[in-house]
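4 protein chains.
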Amino acid sequence: MSYFKEKYRSVRNQSLHLCAPLEKEDMVVQPMVDVSPPKWHLGHTTWFFEKMILEEHFKGYQVFHPEYNYVFNSYYESIGKRVLRTDRGNLTRPTTEEVYKYRAYVDEQMAHFLDTMTEVSSKVSELLELGLQHEQQHQELLVYDIKYILGNNPLFPAYTRKEIVPSIGSRALKFLPMSEANYKIGHQQEGFCFDNELGVHQVYLHDFEIGDRLITNGEYLEFMEAGGYQNFKYWYMEAWAWVEENKETAPMHWHQIDGEWYQYTFFGLQKLNPHEPVTHVSQYEAAAYAQWRGMRLATEFEWEAACHRYEPSIHQKANFIEDASLSTQTAEQDHFQFYGDTWEWTNSAYLPYPYFKTETGAVGEYNGKFMINQMVLRGGSFATARDHIRSSYRNFFHPHLKWHFTGIRLARYV
Amino acid sequence: MSYFKEKYRSVRNQSLHLCAPLEKEDMVVQPMVDVSPPKWHLGHTTWFFEKMILEEHFKGYQVFHPEYNYVFNSYYESIGKRVLRTDRGNLTRPTTEEVYKYRAYVDEQMAHFLDTMTEVSSKVSELLELGLQHEQQHQELLVYDIKYILGNNPLFPAYTRKEIVPSIGSRALKFLPMSEANYKIGHQQEGFCFDNELGVHQVYLHDFEIGDRLITNGEYLEFMEAGGYQNFKYWYMEAWAWVEENKETAPMHWHQIDGEWYQYTFFGLQKLNPHEPVTHVSQYEAAAYAQWRGMRLATEFEWEAACHRYEPSIHQKANFIEDASLSTQTAEQDHFQFYGDTWEWTNSAYLPYPYFKTETGAVGEYNGKFMINQMVLRGGSFATARDHIRSSYRNFFHPHLKWHFTGIRLARYV
Amino acid sequence: MSYFKEKYRSVRNQSLHLCAPLEKEDMVVQPMVDVSPPKWHLGHTTWFFEKMILEEHFKGYQVFHPEYNYVFNSYYESIGKRVLRTDRGNLTRPTTEEVYKYRAYVDEQMAHFLDTMTEVSSKVSELLELGLQHEQQHQELLVYDIKYILGNNPLFPAYTRKEIVPSIGSRALKFLPMSEANYKIGHQQEGFCFDNELGVHQVYLHDFEIGDRLITNGEYLEFMEAGGYQNFKYWYMEAWAWVEENKETAPMHWHQIDGEWYQYTFFGLQKLNPHEPVTHVSQYEAAAYAQWRGMRLATEFEWEAACHRYEPSIHQKANFIEDASLSTQTAEQDHFQFYGDTWEWTNSAYLPYPYFKTETGAVGEYNGKFMINQMVLRGGSFATARDHIRSSYRNFFHPHLKWHFTGIRLARYV
Amino acid sequence: MSYFKEKYRSVRNQSLHLCAPLEKEDMVVQPMVDVSPPKWHLGHTTWFFEKMILEEHFKGYQVFHPEYNYVFNSYYESIGKRVLRTDRGNLTRPTTEEVYKYRAYVDEQMAHFLDTMTEVSSKVSELLELGLQHEQQHQELLVYDIKYILGNNPLFPAYTRKEIVPSIGSRALKFLPMSEANYKIGHQQEGFCFDNELGVHQVYLHDFEIGDRLITNGEYLEFMEAGGYQNFKYWYMEAWAWVEENKETAPMHWHQIDGEWYQYTFFGLQKLNPHEPVTHVSQYEAAAYAQWRGMRLATEFEWEAACHRYEPSIHQKANFIEDASLSTQTAEQDHFQFYGDTWEWTNSAYLPYPYFKTETGAVGEYNGKFMINQMVLRGGSFATARDHIRSSYRNFFHPHLKWHFTGIRLARYV
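Protein chains in written order, with the UniProt record's numbering: chain A, 1 to 414; chain B, 1 to 414; chain C, 1 to 414; chain D, 1 to 414.
Mixed in with the good hints, there may be bad ones.
Intra- or inter-copy, both count: the list cannot distinguish identical chains.
What the hints assert, rightly or not - Straight-line distance between alpha carbons at most 20 Å, and here's what the computed SDA-like set of lysine to any residue pairs gives:
id : residue 1 : residue 2
1  : Lys7      : Phe113
2  : Lys369    : Glu248
3  : Lys162    : His388
4  : Lys184    : His206
5  : Lys24     : Lys101
6  : Lys24     : Tyr100
7  : Lys51     : Asn69
8  : Lys184    : Gln202
9  : Lys101    : Pro154
10 : Lys101    : Asn13
11 : Lys24     : Glu98
12 : Lys233    : Glu359
13 : Lys357    : Asn231
Read the hints as simulated data drawn from the structure, not as lab findings.
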């Protein structure tokens, strides 16, 4: 019980902590469809606890506001009773202040609820765990979205003021060998995992090699300077259409000013650091980069097998949200970066594992319904919580997206 | 000089007064393309004084912020130096607080500027007048936009709490006769007018009659109940396409709940008052209503001639922003409603008057460049300032729009 | 009766004559929404006689094919019984051969019908006249559409082989004076006119001058070379958006090849003749050109009054479809070009005249429902039939369109 | 050599044979973006031989027409020298007649070329084989496209008149067991294959069962009648959005008339045969159907392994284009339908096999650049040539498409 009380408190606080540097104006907007307003994240994660736990399992619970179910439900399948032409980014009410009150109310009720229970049923404890994992996922989205909101403002406001640690240079890229065999894939440890990691199964892998670190800004810049964005042969056909339609020429948040490359960071506009891992690339760009190098991206199975072999537990220097670096960090000598820094695009489509079962009820909508047209990413980013990531964790996005902290690791057959 | 000092103070204060009931969250958003965020209106009207007067005519003036010209210029013809995928409704910075500081700074500088001048040049006095008229126009847009922002929120928040005056019933519609003749059209009085009112000229009008009041909600409801939105024959072909594409069935802000009609007002959701003038109709709907009645909308020339004849000066009971009614009002016995309440759609396209000349410089972009594909409205609304409206005033919008305070007056040949 | 028999035969033959040079493949396609497939024009004009006359007034008439009403009705308000995702340009059946059979059948039935009547009722004779005028209108559209279909093919096929008459040069542009007065506008002659010309009424015009000929390719090229398409100040705001979105740089069918300007004509790709009237310009371009010259377009009332004064009857050298020139022609010394050559964009919106009445029934859908957001053109083009045009004839199109034979005549106040 | 001469002749003739029943009008149009005009297919497949073989390898070869490279190249990466707003479905020229002449010319030249060679180089023989395989692929597309063109015409014209074989009923669905093991996947036989089938590799499969026949119209209708298209829980999130946006309610070419279901077939509109395999379903629909049955689609690896086990060589009753049935056929007792009838949607994304290498040059654009966001189909359809299909053949389409001959086979874990 005290595990949940403590975790509940710390996870819920972290959401507030992430929003603390924002102005109220920053809390409202949705500058592109994939971004949600920060106050919506705060409300939606709260609604999850209210709807899934308090309404169902806490006798006599009074809903905070009758309309909030409509406002903070992310699933849209319930039909609203009035037709209003609006969307998340136009909902100025409830205000941030009111959302904070909503959070305080639900947190207080959750505290009562946990206090009154001598023992948590397995159903409730599963929902609790899921609610907290869900909030951690939204915290990561919150970091992406904040960067997008601020980084697309012509004033380039800093999110936080911080001393930038000078870069110490990057080491030469080497490759780690892996031998052909059947490997076990899927969640095999104790502890929480999402349903999409279940179904431990074997996958046969042929001999391959995988890069021992992430690709850097400097290495990516070489691709750009070699005309990578001008030559269709490195790109999938629809990736090339995307390049042309959107006039893509660089990772997101990169700006060329007077011939020099800058990057919008959480500390404002900064000169590009060539030694840091490149981030904000789409799967299209990651694949095109690999193609240009005559290599490829790993499959998610290769990634997982290699991670088990070469970084069986998370390295102490891995760069997560707790480290508050708020940026990718220069690779060290003794560290393969499988975890943290950037999510690594794989060349695996997001598909069900053998024996995958959709759960019944609303929780069943969690993962299965996204298993089409998306690509898998692995390993977490600097915006991920250290206790949220696992070797079996499967993140997934459409391949053209790049507002999140994505990166590139190369692979090749031998 | 003191005329300008006083008017400057009162007009500028009115903008702040209108925003006072809003939350900061309401200040940011742009829920449809025609709406601007309230804080953008506050900044843009301020920028007008800074750019057109202080920068040009106040020696030694220091610009408040180098990027604000980019942010608050509404004309878009200057090319920004960086390509950012953003628009007004996603610009969380400058914050409302910063915009207020910007206003205070410019107001202070304007005060200095006006103090230091013994005499205002005619160029400066024209720009001052234009800047204040411009701000009054934006105040009216502000009222439209606030209503749209709040009225499209599922919580239907009230803008202000107020006692609603009970309706006293509407009188029978009669028609006012007008005789065929050449009439003088255009600005013929003293005082300010926009360039689009200039070019006093004659227009020959044939005999006609014009309604002696605006059409009411109750009368419009009859059209709806007679199947007006289901019968293509009342509509222009492209109006009918608009009805079908947008599933139009009623004026904007009307909601049918359990079989009864409600209207979102500045006081929240209210039962529809059948005696008030109908508002929030597009020109398409106004024309279809007239067609259903076997009549038509007046031309802007007919309207102006009839207004000169029947309401030569603004009626004391006319309903303007100063009255703070914030809604259309029941017609009284002795009053033709040419002014105030709602803008009246005419069947005139917005075209130049004879001798119309585009002014040189940025001011020349004010009116002429909109003279295509828009329709003229006349007479002001309850959101117009009493000293801002004239019989020759030409407002104009695309015929499908209806988020502003529009209304219907019938006309017919005899 | 014999008037109608003769006219019916000649008008109907002209449609076939115009399609004779085409391949069957040319008869089917619809390369942009405003174009209709040639075989659709042939079917639709035939359907008009079948639906409006034979079905209603010829006892015992057997419909040619039960589905043709659905296929060839242009009004769309009748709802088809099956939902099929298709449109005119994808309907390969009925084939051209079948449409020719349909025409032959209806023509034969019409001949019987006219033979059996000793006297035509006024209702039938009105419909006959309307049907023939309607077919003449579609013949003109057919010419526009054929040019669009062939001119957008990379092989630039010629429609006909013809000796191009060498240009003889253009004379200096002069202006014709007109005095202020009330002028009578609308159809005042004997003979057929459309409902939109009815309602003879007075319009007061102030002193003005109007160009004595159309603007030439050479004059328009000066505007292009002076940067007309690069300077927003000549354009309406939405015209400028149109220029930028469509990357407009020249009239339609102009191609710059190795630094030289060519024009796709009905005889294939030809070097631009600077002395011919410019055509294929939108109203936006016509207005921008006038603005650049410091002048303006005439209103439709000014045009009609000036035409009455300076070209009271159609000039014998006016260039119409009967002349088969299939292109604009160099202006002669003694001829003002009010008629033929190109339709002249005016600066008048297409609005109802005083006393305009929509007719009842399907014929009532003919004109009134288009009276919004379109601009009036006057005078006919080289694709118009000489007996189809009048001084009161009002053509109308959206201002951004330019696949038809449009042109520019300047006007100015004095 | 004679192998190629004979195969060249027969494959090339088959394209003409397929187009023989069409009208010229049918040859031109492109009623949706995925469809190509039949005459374009005829030209494009010809261009392939001209461009890849004759221009490169036949000394002195004269290109048939200098513009045809621009018109018939499907790859679009070469930039046309003039910007013309057109696309395949608007290109009326070259006409069908001209395309036939182009084919005759190239065929004659190919005959000369093959005659003059005593021995074909391996490069040429590879290109020859590829060109013929390519044409067979386009023949299949041609059949899809013809059905779409005719089936979306309100006249529902028949492609051919034929006796429809009465249905003999379908047998109960059973499941074929497969045991867990490493299976060999990829092209392991002699003879031609595409590059995407290369890279024979092992895949570990867990125990599963696979349906012993395709799902029928009758079985699919049960899903529809059980509200399958109204319940979001059977659908991927983006599949559900697709259902709602397109108002999907049935397979393509199904029409409900007076309460009864009809299907547009190559013989015209026919009453739905419940015993035939369902076709014209998207992967979304196939997956939703499986979900509703509590099962799933097989992966492409499962399909290939099961096919090797249960239908190691193509069954003599398998239904291919040579059988000219032009529709799906009732399953027989002794036959698993792995081949022919309909392509079977799998739940595998189209991704490279281990060791996949993109070939250099234009041929390298053949397959690799499509390996994103598409799903694999297996087994061929009634429109496939019997000598064109293999157990390792990988077809691929976006999951929302259904104008081709797709079908459903269920799978499940045990």
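Checked hints:
1. For the identical chains of this complex, Lys7 and Phe113 are intra-copy neighbours only, at 15 Å inside a copy versus 60 Å across copies, given an alpha-carbon limit of 20 Å.
2. For a Cα distance limit of 20 Å, the shortest separation of Lys369 from Glu248 across copies, 18 Å, qualifies, whereas the shortest one inside one copy, 30 Å, does not.
3. In the homo-oligomer, the alpha carbons of Lys162 and His388 never lie at most 20 Å apart, since the shortest distance is 25 Å inside one protomer and 51 Å across protomers.
4. Within a single copy, Lys184 and His206 get their C-alpha atoms as close as 14 Å, and across copies as close as 12 Å, so both meet the 20 Å cut-off.
5. In this homomeric assembly, Lys24 and Lys101 come within 20 Å of each other (Cα to Cα) both inside a single copy, at 15 Å, and across copies, at 17 Å.
6. In this homomeric assembly, Lys24 and Tyr100 come within 20 Å of each other (Cα to Cα) both inside a single copy, at 12 Å, and across copies, at 15 Å.
7. Taking identical chains as interchangeable, the C-alpha atoms of Lys51 and Asn69 lie at most 20 Å apart only when both belong to the same chain, with a minimum of 8 Å there against 47 Å between chains.
8. For a Cα distance limit of 20 Å, the shortest separation of Lys184 from Gln202 qualifies both inside one copy, at 5 Å, and across copies, at 15 Å.
9. In this homomeric assembly, Lys101 and Pro154 come within 20 Å of each other (Cα to Cα) only across copies, at 19 Å, whereas the closest approach inside a single copy is 32 Å.
10. Only within a single protomer do Lys101 and Asn13 lie at most 20 Å apart by alpha-carbon distance; the minimum there is 14 Å, versus 33 Å between protomers.
11. Taking CA atoms no more than 20 Å apart as the test, Lys24 paired with Glu98 passes in both settings, with 12 Å inside one copy and 12 Å between copies.
12. Taking the shortest Cα distances, Lys233 and Glu359 sit within 20 Å of each other only across copies (11 Å), while inside one copy they are farther apart (43 Å).
13. Proximity of Lys357 to Asn231 under the C-alpha cut-off of 20 Å is restricted to the inter-copy arrangement: shortest distance 18 Å between copies versus 43 Å within a copy.
Hint violations for this structure: number 3 only, all remaining hints satisfied.
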